[in-house]
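A.B. asks: Based on the provided sequences and hints, a complete structural model is requested.
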Amino acid sequence: MLQLGYACINVQLAEKGITTNRGMIKRTFQAKGIGYASELALQNVQALFRILQWNVRQGIRVFRITSELFPWASEYELEQLPDFTAIRRTLEEAGKLPIRLSTHPGPFNKLAGSGPTLDNTIRDLEIHSRLFDLMGLEPSHWNKINIHVGGAYGDKNETIRRFAENFRKLSPNLQKRLTVENDDKPGLYTVADLLPLHALTGIPIVFDYFHHRLHPGPLSEEEAFQKAYGSWDMRPVFHYSSSRREHEEPTAAREAHADYIYEPINTYGKEVDIVLEAKMKEQALARYQKEFGKIA
DNA sequence: GCATGTCAAGTTGTG
DNA sequence: CACAACTTGACATGC
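If you want the working numbering, it's the 1-based position in the first sequence plus 1161.
Take the hints with a grain of salt, since some may be wrong.
[Claimed, not checked] Taking lysine-lysine and the DSSO-like style, the derived pairs with C-alpha atoms no more than 30 Å apart in a straight line are:
(1) K1317 / K1330
(2) K1431 / K1346
(3) K1317 / K1388
(4) K1337 / K1442
(5) K1440 / K1271
(6) K1451 / K1431
(7) K1337 / K1431
(8) K1442 / K1177
(9) K1271 / K1317
(10) K1346 / K1388
(11) K1442 / K1187
(12) K1346 / K1330
(13) K1271 / K1442
[As the list claims (entries may be wrong)] Distance windows between CB atoms, simulated:
(14) P1268 / G1378: 17 to 23 Å
(15) E1416 / F1245: 36 to 42 Å
(16) P1357 / Q1214: 37 to 43 Å
(17) I1186 / G1220: 37 to 43 Å
It is worth saying that the hints were derived from the structure and are not from the lab.
All residues carry an ideal CB built from backbone N, CA and C; glycine is no exception.
C.D. replies: This is the structure we're talking about:
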């Protein structure tokens, strides 16, 4: 009924140095260049493989891959990495594991943007799609590349139209993978706001329960859930997190995620995969299952 | 080792 | 009006 996963980091493996987001600041990249980026990327990819194996052994079937596997990826072609062959081999093996993978490119991706912002966005999104290609994953929403619209530019409807227009500039594989998520900010996009975008493009809507609570718009949680569910051409992936302010730290920002999940997730009788966005990662998942059971 | 200041990118609203 | 928040705090420096 409900398959749970988590995002990017495994805290117990991270303690042992198994992390996928080794990176560097700009001046280090300028000093050390692509050779060092390659070393870090290879280590990241190898760690990814180990984390995925760990997940599979634990029965975890859903996982989000970090967007920082390749340091400064926008500055070179992946083939140029000295360790590209080893990286590709590792990714191919990782791609064969029985786990549903997705990515969530960062807030700098503004597909409704213009000029260099749009160029940078397309480049970054294509790199994510390329990663999935290298892993041998068939292009579909099974492996989503999920972003926010992320900016209203003073006119939500016009911005949706521009997003749809720019969507057509993406490679076919990327188009088949892209999804959009409801925002948590009052000026941005609720599930209801995203429906027209889905109508224009077929892009599925990722329902984020926590964002919906912060910024529901006209729909109830169940209505928003069902609308988002109906926008998918397969079993959806949704996101869930609990409020840090409500449960852990009264002074935390309202959007801040809690370390753990504090309430059972209602999936309204549907089959869905859910990525838990909780700071304690796999520990939060384990605690959720202990507390609320595997089935919602 | 560990504390601390700094770090690519865009946009928004909180504090 | 600075800055935190977002996907994920981590890197580099200096004590």
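A.B. asks: Take the hints in turn and mark each one as holding or not.
C.D. replies: Each hint tested on the structure:
1. K1317 / K1330: holds (20 Å)
2. K1431 / K1346: Answer holds: K1431 to K1346 is near 27 Å, not above 30 Å.
3. K1317 / K1388: holds (19 Å)
4. K1337 / K1442: Holds, because 28 Å separates the two Cα atoms, which is no more than 30 Å.
5. K1440 / K1271: Status holds; Cα separation ~25 Å.
6. K1451 / K1431: Satisfied, since the Cα-Cα distance of roughly 21 Å is no more than 30 Å.
7. K1337 / K1431: The given pair, whose Cα atoms are some 23 Å apart, holds under the 30 Å limit.
8. K1442 / K1177: holds (15 Å)
9. K1271 / K1317: OK: K1271 and K1317 at ~13 Å, within 30 Å.
10. K1346 / K1388: holds (19 Å)
11. K1442 / K1187: Measuring from Cα to Cα gives roughly 29 Å; hence the hint holds.
12. K1346 / K1330: The hint holds at about 27 Å.
13. K1271 / K1442: Distance of about 27 Å is within 30 Å: holds.
14. P1268 / G1378: 17 to 23 Å: Holds: the Cβ-Cβ distance is about 20 Å, inside 17 to 23 Å.
15. E1416 / F1245: 36 to 42 Å: For E1416 and F1245 the Cβ distance comes to about 38 Å; the hint holds.
16. P1357 / Q1214: 37 to 43 Å: Given range 37 to 43 Å: holds, Cβ gap about 42 Å.
17. I1186 / G1220: 37 to 43 Å: Given a distance of about 38 Å, which is inside 37 to 43 Å, the answer is holds.
This entry satisfies every hint, going by the numbered hints stated previously.
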